[in-house]
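Student: Chains as they are written, first to last, in the working numbering: chain A, 1 to 797; chain B, 1001 to 1221.
Simulated from the structure, these hints should not be mistaken for laboratory data. What you are looking at is a predicted structure, and each value in this text was computed from that prediction instead of being measured. Note that beta-carbon positions come from the ideal geometry of N, C-alpha and C, so glycine has one too.
According to the in silico footprint, chain A covers these stretches of chain B (three or more CB under 8 Å from chain A):
(1) 1170–1178
(2) 1182–1196
(3) 1204–1216
Spelled out, the chains give:
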Amino acid sequence: MGVRGLVPFCPWNWCLLLATLQCCGASSESNRSTDSSAQSELNVRFAAASSQPAEAISVFTLDYDYVQIPYEVTLWILLASLAKIGFHLNRRLPRLMPESCLLILVGALVGAVIFGTDHKSPPVMDSSIYFLYLLPPIVLESGYFMPTRPFFENLGSILWWAGLGALLNAFGIGLSLHLVCQVPAFGLGDVNLLQNLLFGSLMSAVDPVAVLAVFEEARVNEQLHMMIFGEALLNDGISVVLYNILIAFTKMHKFEGIEPVDILAGCARFIIVGCGGVFFGVIFGFISAFITRFTQNISAIEPLIVFMFSYVSYLVAETLYLSGILAITACAVTMKKYVEENVSQTSYTTIKYFMKMLSSVSETLIFIFMGVSTIGKNHEWNWAFICFTLVFCQIWRAISVFVLFYVSNQFRTFPFSVKDQCVIFYSGVRGAGSFSLAFLLPLSLFPRKKLFVTATLVVIYFTVFIQGITVGPLVRYLDVRKTNKKESINEELHARLMDHLKAGVEDVCGQWSHYQVRDKFKKFDHKYLRKILIRKNLPKSSLVSLYKKLEMKQAIEMVESGVLSSTAFSTSHQAQRTKETKRLSPEDVESMRDILTRNMYQVRQRTLSYNKYNLQPQTSEKQAKEILIRRRNTFRESMKKGHSLPWGKPAGTKNIRYLSFPYSSPLPAGRDMKVAEFTDHDGSDSELPPITFSTHSPKESIQERRWAPEVIPMRSLHRAATPPHFGYRRNASREEHLGRGGRAILRPKPLFHAVDEEFESEEESEEEAPAFGSLLSSELRPGGDCNLSHSPLLQRK
Amino acid sequence: MGSRASTLLRDEELEEIKKETGSASGFLLHELGEDNYQNSLSHPSTREVSHSQITRLYSRFTSLDKGENGTLSREDFQRIPELAINPLGDRIINAFFPEGEDQVNFRGFMRTLAHFRPIEDNEKSKDVNGPEPLNSRSNKLHFAFRLYDLDKDDKISRDELLQVLRMMVGVNISDEQLGSIADRTIQEADQDGDSAISFTEFVKVLEKVDVEQKMSIRFLH
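The shape of chain B in the complex, shown without the other chains (with noise of 0.2 Å):
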């Protein structure tokens, strides 16, 4: 099985997974290698989608994928009706395409979509060691902080906000008004003076508010 395979996943492949084990257990043999494997197994956090869950969300890749070539392209996201009228429809279409990346096989599509999994209660207490789930906490921050960051600096500047500002407010806000805005939310969240919000920042504004419960999709369990 060797290490995490960062290779785009061929479509003849991942049905062989499943026919071979046919269960999610075998995806995710494949997907995480065999030393996380046992890692995670010991750890309910980690445990991802069922089997059924996989399933389903393998028949709503293909049925995106148009090309039929077991990979989306951005084009297939924008097709999504309610991605477009979605004033952050583009941006979290790119949130499914690695770094400079133009197609996402299904391992992809699952690794950003397991961002989304619910987190339950008995998770919560976590085992220190393992490797961290990608629906903690901090990692569905971080989903959203990238939102914001385009440019990978791990900082929000004031011109990444302005743009998220501009495309989540309506026609009625002037300019002078939502720069005013922007201005004040970094002025709150700003804590070492750079004007800027750094992911810590991010994280510390945002401690009263449930991400967990926003930022989890129930089917995803």
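With the rest of the complex left out, here is chain A (with noise of 0.2 Å):
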């Protein structure tokens, strides 16, 4: 599976590993000797300078011991990287299989190598290390990139399903095992129920995101998605919170001795320590977030200000024990939103894409810490208690499927079917996280740590591989049963059309949520939290210079790409048309309903697609860009033909054009004046340099020919778009709110919107396509805004 993707850097890679190999095969004496700490072996590398004489000068030498650590460690991280590479390189296995299958084998690989050339690991991983270092990126992630509004819409859903399955899971496994414990067959007699109850507890931590990727392709409902990110986002915290409350439990009490009291003592902890968590991350956000308010200085630490008080948020919650996890996850959640509209464009781009890295990196490292450990010699083999897992782990999580979301359907107005249950009780693969959890058990507490170890290590390896393998056809073969294949063209054309519609006229409503507290939220947010919280008075030029960047950058994309070569229809086209309507073959049918199916635009998704281990332009994106050139192309030609609107008086013959419209309606007469006024003031500006569209375009249509002489300058192509709209309404009062806007350049006439004004329309689009869209469409809307609260739309690209 994986071979393939591994073939095309092996050469690289075995270099690698064997240049590693000789390293180790020369210092592994040593090695074995000095215990493997770098501060230790640092004081034998002085000591050994001082002491001995040295009997000349060596002109080389070997210090493997005083690099090995950071060595391997980037060693390893390397080959992760290169697995990665090849892995994406080839288009089929990304589809094929999660990510997650490739990290496990390049570990394994790993695993092999150290364990052949016997080699003494660097102790990566280790109970501090881990909860110190390797977790919070992970969760920091997974809390930044979760999509804020489907989450908070189904938050009852999500915490029932994350918190209720965690538990039932946890506590199902482990009642279950240790049912299978009491017989004596199977000489597990010394495991007891509390160490049963841990092992369930780890075994929850499922991370069903990294097979997200897999079924992607098939269209998920966004529910599903949102279902899934959410139990991924909690579940690693509810984990984490039940496994510390069992060894706490574990290290207080004999088995025999917990009473009633302990076990309500700790749901008491339990509810707790998450509530904590979770509060100690909002207050630390909302601090950050305040923060970046006044960085515009010094934009380089931003990111730092970013990543400093998430980890601040982890480490203060640590300290009180409270969930730790739970607490970086807030404080993402809600720093997330300010920030990015805070931060300058470098900084979001830097600060999302650290954070990817930072987690990739610990994820790797996990994976490789279990691939090493697989390959090693402590493990301890029970069939009974390893098949028993596998098992259990399968059925209670279906019922945990089955049984909560039967409940949790009575209450919602989209029920989710048996066909999405399916979807998601598939989709619980373990991860990293459980292996973290029983590699950490402590001995002391646990003789039988070892069979916990490999146990884990099985469920893991089967839930990855095949599960992960498998789902991608499951989903498939559930989609395809119920799609009907063979739709007309007809058919297909105005399905979309109606999606289309619907989403359009959605989005003329408004997102609503079903809470009434939302929006009550978005209210207070609206009136107090903002004004604290964002940045005020963004200084203009820096927008001018921002707006400018934009415009050439995007002229640039688009003379690059070669613009929409063959967007008009000619009137010859019209003239070709034939009485007779040819007959076509099947064949011919189907080919033409599988380019209609391609090419049609997809319709605008509310979630984003969430890739676990890469940050993917949108292809939303492209579409968004097509469509905005196009109706930018519609306006200019109606501004070529001196009617302003596309709802002006008919040029003439009903040529068929790519407008949305034919001209209809009459103008009303006094709009006219003012349209021809504005065209006047195409050279005043001289700010900009105008940008053309004809010279590169490769076919010369008569419209571009057209378009050549006259070179509209973009700035004047929005002033002559919006009075005719909006500008006569507009009363005084209004352009003393443009506060933003207001360039004694400019005309007077209203280009800008004070940012307040602004959100009320933008508040709802925080996902990127439709920013990124009204980012465009402020440059290209024939009659809207311009420039919709620039910097935040910029923040989201």
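With the hints in hand, could you dock these two chains into one complex?
Tutor: In structure tokens form, the structure reads like this:
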């Protein structure tokens, strides 16, 4: 499976590995003798240098001990990165199996090498390193990239499912395994109830997002998406909390000594730990959002602030024995909204990429460590325990899914279908989290730790490989069964039209939640929080330059990509239409249908597609760009004709245009004149280099030739655009509001709106695609506003 | 109350209605007139959106209405960013405006939105005598039909179809391909041989499509 992907870079890797081996071989003697802590090695090195008399100055020495730990860690990470490159070079692989598979394989490979050379691996994984350094980035990343709106809309369902699901799984698996352990034939009599429960809790830590990429191709509905994210997000936190509580129990009492009081205390503690963590996270989120308000002059430290505050929230929560994971998650979710608007564009990109990078490094290390421990001597294989663990994991997940969803479906307006539930059940893939928790079990309390580790590894391997690889086909199978393949072209076309229509009307209505609470929060947020946390009065010059830069960039892109070449229908096309219709063969129809399906625009999706391992540009951006370019061209054409609006007088014969409208209703007379005024001002704005589209397009259609002489700077295009639509209705007080936009150079007509106003209509567009679209649209929209809150839109790119 | 008024409702009037009746029913009473109102009450499918939904939609309406004069113009709609990148954005906006008008008031806004109310199961058994509700399948299909048929001749001509196709499809399809797709579409649907799709043909061709689900927005409930 991954072998094909590994082949391209195998030679490199083998070289690397050979180099490592040599070093290992050379220094393995000294390795075994010294304790592998860098400090002591360092001491040894210096001590050796000073105490031994040097016989001669050695021209070339090899000092591997000094660099061993960072060197090996770096090599592991590099190896995993190379593997990922190979993995993604092959188009088909990412769809076949989740990336976790690849990482596990790499880990196993490294483990094999280390085992083979009998090399002592560096102590990457111990309890403090894991909980303090490896875990926070992973959780931070998943919290940060969580799409907030759908999350909060479905918060009830998600909490119900993730929280109760984790608890149900943990206790279910633990108790059933305990029952199994009672059977004397299996030789598991010394595993007591607490240990089993603990094992259950660490087994319940699922990592479903890993498989998300695999079945994203099939149009999984957004609700399902959200449930899976939500579960992934909260699941880790809940498992760890449960784990810690149970460990505390194990330390405190003998099993027989546990009283109901303790159990109640445990439950209370569970709740306090969870809620307390969230509380601290939110506080730190707000603090960091507030601080980013003031960092405009030193934008280089903005990513630092974001990361440090999240980390601090984690540490503070851990100090108080609250759940650091939930704290950091809450911090990320809270601060994301405000930070995105405050920080500069580059900081925003940096934050995103750095977060991905850190989390990917952590996860890689954990998986490699998993691979290392797979191939080793510390296993204990007990058929009964392992098989039953596997079986119970599946059974309990199925039970929790179907029972919990059955209950929550009663309260949802859009119940989850059985198919959805099957997908959720099947995506219960275990990942790095379970392994870490198993590995970090204290040996003193768990004499049979090796058994647990082995069982965990088996479950992980099974779920990741077998479930991960088959989930794609399963989902496609379930999907295909539902859709009727034999749709006629009509059905497809009109169905898509209706989808777009519905999406459009939904957007007109704005996004609603079912909860008053959310609307109230929005109002509160708007009135108070934003004023405190968001920067005011962005300097105009930066805005201007940003706008300019964007226009230039877009113009360059368009010119380079050779703009929409065949965009206009020529009138001759009309004449070619014949009266008789050809009878088409079935293959033609098929191919026609395929062409249509492939090329039709997708309907706007509210939830971003989330890829755990990569930041991919949204394909919907390309689509949005095309649509906007087309509208702009439409608009320019209509401008050219002297009528400002697509809704102006008909230009003449009924040409087929790619206007959304042919001209229909007559313009009110007043507007015509004003339009003429504005086009006069073409030359007045010399700030911007004019942007021409005609020069590089391959096809010199009539329209384009006509456009060449008339170079309309984009600004004045907008200026011309705006007045007919809303210039006149504005009263003087409105213009005062335009803090951001009022520039002396430009005409007094309003171009930009103040941030507050724009946020009314902007508040719903938190997703990237529409935001990007609105960014472009702010440049291109024929009659709309320009620059709807530039800075926030830009950040979302 | 009188018969159904077709004038644009003033902002103050609307508030007055709401104030004096404090409920959706008052709004509807004004909208439909006494007789129709009584009729519609007996007939669950015309009972329109609930009061809370009307309030929310009204606040949405006011938030879109930058000019604060109780009506929306086209640029108010264009300010919605998602509509700008919707391939059919302009046509959808146009669907809100009555014939030849450039302003839409709240009633008009609600009328258009009423087409998208979900059809409930208990409404399926319709009372034949009552007025057909706006969110019936036939009316929904008519709404979609009107997106194609701009010149309102009750036919989708090849040109109109081509226009919409071009809007909905990426730049990778050539004009010839698009033309043949349009031809094929008409061919499939056309039954009376006029090389255009009439409304009845449109309905027939979509009989297997779940229009009620595709053109229903859940919060208009």
